[in-house]
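J.: Listed here are the chains, written in short residue letters.
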Amino acid sequence: MVRALGPASVSSLLKIILDVVYAALWIGFVALGLMTLAALLLSLNPDLLADITLTAGGEEIRGRGPVVAGGLFAATLYTGGVLVIVDRLRRIFSTLTAGDPFHPDNVTRLRVVGLMLAMLEVGRYGVWAASAWLLPGSNEVEPNLSLTAWFSVLVVFVLAEVFREGARLRREAELTI
Amino acid sequence: MPIRVLLDRVLLERRMSLTELADRVGVTIANLSILKTGKARAVRFSTLAALCRELDCQPGDLLYYEPGPADDLDEDEPG
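In the order they appear, the protein sequences are chains D and L. First residue of the first sequence: 1, per the working numbering; consecutive thereafter. First residue of the second sequence: 1, per the working numbering; consecutive thereafter.
Everything labelled a hint here was simulated from the structure, so no lab data went into it. Computed from a predicted structure; not experimentally measured. Heads up, a few of these hints could be off.
As the list claims (entries may be wrong) - Which chain D residues face chain L? A few, computed with CB under 10 Å, are given here: (1) Arg-91; (2) Ala-173; (3) Glu-174.
Beta carbons are placed, not taken as given, at the ideal position from N, Cα and C, and that holds for glycine.
Isolated chain D (complex conformation) (with noise of 0.2 Å):
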């Protein structure tokens, strides 16, 4: 029978992949952080670009440095995003793992990893519109209401509110004599 919660159990093991994930973005971040760097460095001296291609939609697109630039800043800080959420679960799955899962700091974790969610959705149609104004015609593809995007918004939410009732039961129980 495999376990859900406690030491070696499938909280532990979801644990060590959200540690490796957790370790593969901070390396992704900081290089997208560096190459964003690098282009906006590089898009105040056009010559050093003039050779770089990129292609979107069908287009080319040359010499764009701050366009460059600001779709990798984007880039960044949607791995910072991904990162925050990676983080938060981890730090729930090693109170999962403990075996104490209505530990009280979770219900903050949930609310941020919800409102990350909820900021990263945004953010794609920020994006969206913002590139469809820089670069037109390079959007094709409308950014349609991602309905599972703010389902699992909401869904965390609610578990949010769930797991402050578990942490208000756990002190209750805690102080039942």
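Given chain D's structure and the hints, the job is docking chain L onto it.
T.: The following block gives chain L in isolation, referenced to the frame of chain D:
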């Protein structure tokens, strides 16, 4: 909490220490301290029965109602 626990008074009358009571009742000293200092949120009937048995008293000897605002458990929570 409007319910006051008079455990210390009963212990004094019985000349019994908290450690001895904890041993007899089978509750940890830490938990009995929580009860004695009025920080407990609830008392199990089984605990109350054991306390009454060992202290040879009635529940009314241990608990006292004093009108006042009920504590909100959420306020006790850290963070």
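J.: If a hint holds in the structure, say so; if it does not, say that too.
T.: Now for the hints, and whether the structure bears them out:
The interface hint given for Arg-91 (chain D) is violated, since its Cβ lies 13 Å from the closest Cβ of chain L, which is over the 10 Å cut-off. For Ala-173 (chain D), the interface hint holds, the least distance from its beta-carbon to any beta-carbon of chain L being 9 Å, beneath 10 Å. About 8 Å separates the beta-carbon of Glu-174 (chain D) from the nearest beta-carbon of chain L, less than 10 Å, and the hint is met.
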